[in-house]
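One letter stands for each residue in the lines below.
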Amino acid sequence: MSDWTTTDRDLEDVLVGLAKRFAMALILIFALFPVYWMFVVSLRPREEAVSTNPSLLLDSFYVENYVLMWQRFPLVDYFINSLIIAFATTALALFVASLAAYSFTRFSFAGKGKFGGAILGTQMIPGVLILLPMYLLFINIQTNVGLPMVNTYHGVIFVYTTFAIPFAIWMLRGYFANIPASLEDAARVDGCTRFQALIRIVLPLAAPGIAATGMFVFLTAFNEVLFASVLASSDVTPFAIGIQRFETQTQTYWGQMMAASTVATIPLIAIFVLFQKPIVDGLTSGSVKE
Amino acid sequence: MPADEKTRYAYKLLLPAAVMMAIVHFLPILWGMIISIMQIDATFVSRWYSAPFVGLENYARLLDFDSTVGSRFWFSLRQTTIFAIGTVVGSYSLGLASAVILDSDFRGSNVARILVLLPWISPAVVVLLVWRMMLLSDTGVVNNVLLSAGIIGEPIVWLIGANSIYSMILVNVWINFPWATIMLYAALKSIPGHLYEAARIDGAGRWGQFRHITLPQLKPISVVISLLLVLWSFINFTVPYVLLGQSPTRSGEVSMLFIYNYAFHNYAFGLGAAMSVVLFLFAMGIALVYYKYAVSGSFEGEGR
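Chains as they are written, first to last, in this note's numbering: chain A, 1 to 290; chain B, 1 to 304.
Okay, chain B solo, but in the shape it has when bound:
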């Protein structure tokens, strides 16, 4: 088959996916950017195109830290960053620990490997509601266990006030660490045994082998895992929305939740779009910086 016919066939197979992604992912981004410079409120919902253009006024309101919406939006962005960093640090460390333990093939490790994945398999909405119940300050089982074990003196308020961001991190780590575990476990299994043998001959102990063989070999996959975890946390809506319930407190109001509540409660679609664009640029900026400094080559193999 001639080369250009092959190429045409390749494009044909890609076409449905490309068209759908264009309609749902990429056109709305452009459209969202247009909306972000318009003043769309309740009166213009069914004829958005006739809403007035206001230039960069929406963005100016966001950049004005003294305005209510501006200060709240930047605060939500700060909380989002804490949420993302907490999630990636927690999920990655716990995932690495579990993967290393599972890799040592003790009796029952096959069963443990299946069980450790259950948090990731269970429906997220369901487990978030279970956590919501467990973290209630008066009747929740978490406080109850901590109190009777003598770890805390009085009940912690988990879901309201300053702690809610940490509760979100705890639960998001719980949901995501199994995924990190299984990715790292697969990567550990693919490290050739002769590397360890050579290190042992050179006199490397347990820690030396881990430090000089395991960690460097895990670097490419670790970069992918941490990048995806950061991005997924940045744009996560389900965790704050379900865990914190109808009236989230400021501390737990990450950007996704704040934009959603603000835009749909006030019918402020223009301003909401402007905030979404800023959030998107933020996430993209992180990915680009990451790509430049950490990835350097490990995505080259994409698509082979």
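One chain only, chain A, in its complex shape:
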């Protein structure tokens, strides 16, 4: 190959490399600007937050937003409600989905294909189709059985848990498939029952995948607004509904709303950055065949 061609190639490589970086920079600006802007506005006083000619830089440090936001309405309660609901949902959904995903990857049985189809099928059910009967069911249980269901933690948690299960099974599948069956067999030779081997050997080995799945279950439960707006009001109002109350009929407290948003977002970003490897692996291993 002549020198001329080589230089040509090199030049092309450099140009393509530059174009790629430029495109990546644009994509990152698009991806990150709203998160950055949330933080910037959270530190601006009211008049600057609604300015018609805002500065794009972080030039204000009005930390009062982070103090005042708690006083407008029971924001602490909204946070606590969301944490209770999301953590309980995560724990329950992970347990139930782990058993199912394990069974699904380890054994073959009649109706397996149908079960897989049902999992995919749940992804196309419009929430309102379930919400209407669920609402009627909850009202009827309350009036006829006497067990309160609407505006209770257990009502919301039960619904959320079930919603999370199909996607959790889908994600966990890939993880369980990578754990060799020989490890369980060895444990069973040592006198474990099948279920003990599952709990003591398989689940700990799948822990990174379970944790990654857990993050997505948590996010789903934390962000849900459709069922929350109907089934979780008054004492159990979650953050996702409560935060919208910074926008009133007459004006919106953007600075305080962004401060509350920042408080909700930073822990999630921190957890993600710390544990991004198992999270990303867990997200992709279920669907990409090695």
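Since the hints were made in silico from the structure, they are not lab data. Note that CB positions come from ideal geometry on N, CA and C, so glycine has one too. Fair warning: there could be bad hints in the mix.
To give an idea of the chain B side of the interface with chain A (calculated C-beta under 8 Å), a few residues [stated by the list, open to error]: (1) Leu13; (2) Trp31; (3) Gly32; (4) Ser98; (5) Val126; (6) Leu129; (7) Ile235; (8) Ile259; (9) Val277; (10) Ala287.
Covered stretches of chain A (in silico footprint by chain B; criterion: 3 or more residues with CB under 8 Å from a CB of chain B, positions within the stretch not fixed) [said to hold, decoys possible]: (11) 13-20; (12) 24-35; (13) 93-107; (14) 123-130; (15) 262-269.
Based on the hints, put chain B in the right spot on chain A.
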């Protein structure tokens, strides 16, 4: 362990998930179908079973394009379709572009890979409110930047009127493209290097390699990604509900939002259920057509 005992064990482990899904997913669908042929309004909420059966009257009202609810429902279905198509096209293209760039392993690509996922990790309600603030026509930063860069002459009204559907697509793409990126990135990493080598020996350039190796290898995962994105957009409630706020305009009123507002404001649960059933059948129809023509085999591996 004998085979049937193994099977029984497998069923036992599946049982809790199956029972819960039956109660929350599948019974309500059946129940919803029953409600959709009943006339349930405010008086029958706490004793739904005594509401009168009206046969297919609710569906007839929906199919009557001249009635208010009928025409609005079909319009909402049209907007939903635009929303879903816009989301899948935008998220997939942007996701593919980012995945291909990240795959070339430049300096800092590890950091970029983490950063690009942040929109998907951040709580959806929170980022939707941030976008709502950014897209305000008078004080929003998006209009402000576009105006001072000279790209537009006067402020665009993003959240009200005809543009609201495009704003929803923009924001939904922003939320979902990171997921497409990471799925495609993982798939790119799993393409064996010798395929590219063979193509290079055959004289394929950059574009040729992308066209003849990368795209075909990405097909199975692309089918899954686009199907899930379409379905998720079809039944998305959070984006229109939070982004458009209390009084959404017609253009942004996708079916989920329309059904919700109509059923709960008018206590028209029967009609609401009928609309939900139609929406469900629509989504299922898309999935089936997709399954038949595009998937053909790539779901076979489900469950291994």
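Verify this for me: three or more residues of the stretch 13-20 of chain A with a beta carbon less than 8 Å from a beta carbon of chain B. Coverage by chain B holds here, the residue count being 3 at a Cβ distance below 8 Å.
When the least beta-carbon distance from B/Leu13 to chain A is tested against 8 Å, hint result: holds, 4 Å
Report holds or violated for chain B covering the stretch 93-107 of chain A, Cβ cut-off 8 Å, minimum 3 residues. holds (count 10)
Min Cβ distance, B/Leu129 to chain A: is it shorter than 8 Å? holds, 6 Å
Mind checking, does the stretch 123-130 of chain A have 3 or more residues with a CB under 8 Å from chain B? holds (count 8)
Check of the stretch 262-269 of chain A against chain B for coverage (Cβ-Cβ below 8 Å, three residues minimum): holds (count 4)
Interface hint outcome for B/Ser98 [beta carbon to chain A under 8 Å]: Nearest chain A Cβ about 5 Å off; hint holds.
Is the interface hint satisfied for B/Val277? The criterion is a beta-carbon contact with chain A at less than 8 Å. holds, 7 Å
Can you tell me if the stretch 24-35 of chain A counts as covered by chain B, using C-beta to C-beta distances under 8 Å and a minimum of three residues? holds (count 8)
Interface hint outcome for B/Ile259 [beta carbon to chain A under 8 Å]: holds, 5 Å
Does the closest beta carbon of chain A sit nearer than 8 Å to the beta carbon of B/Ala287? holds, 6 Å
So, B/Val126 near chain A? Judge it on the closest CB pair being under 8 Å. holds, 4 Å
Figure legend: structure checked against the earlier numbered hints; every hint is met.
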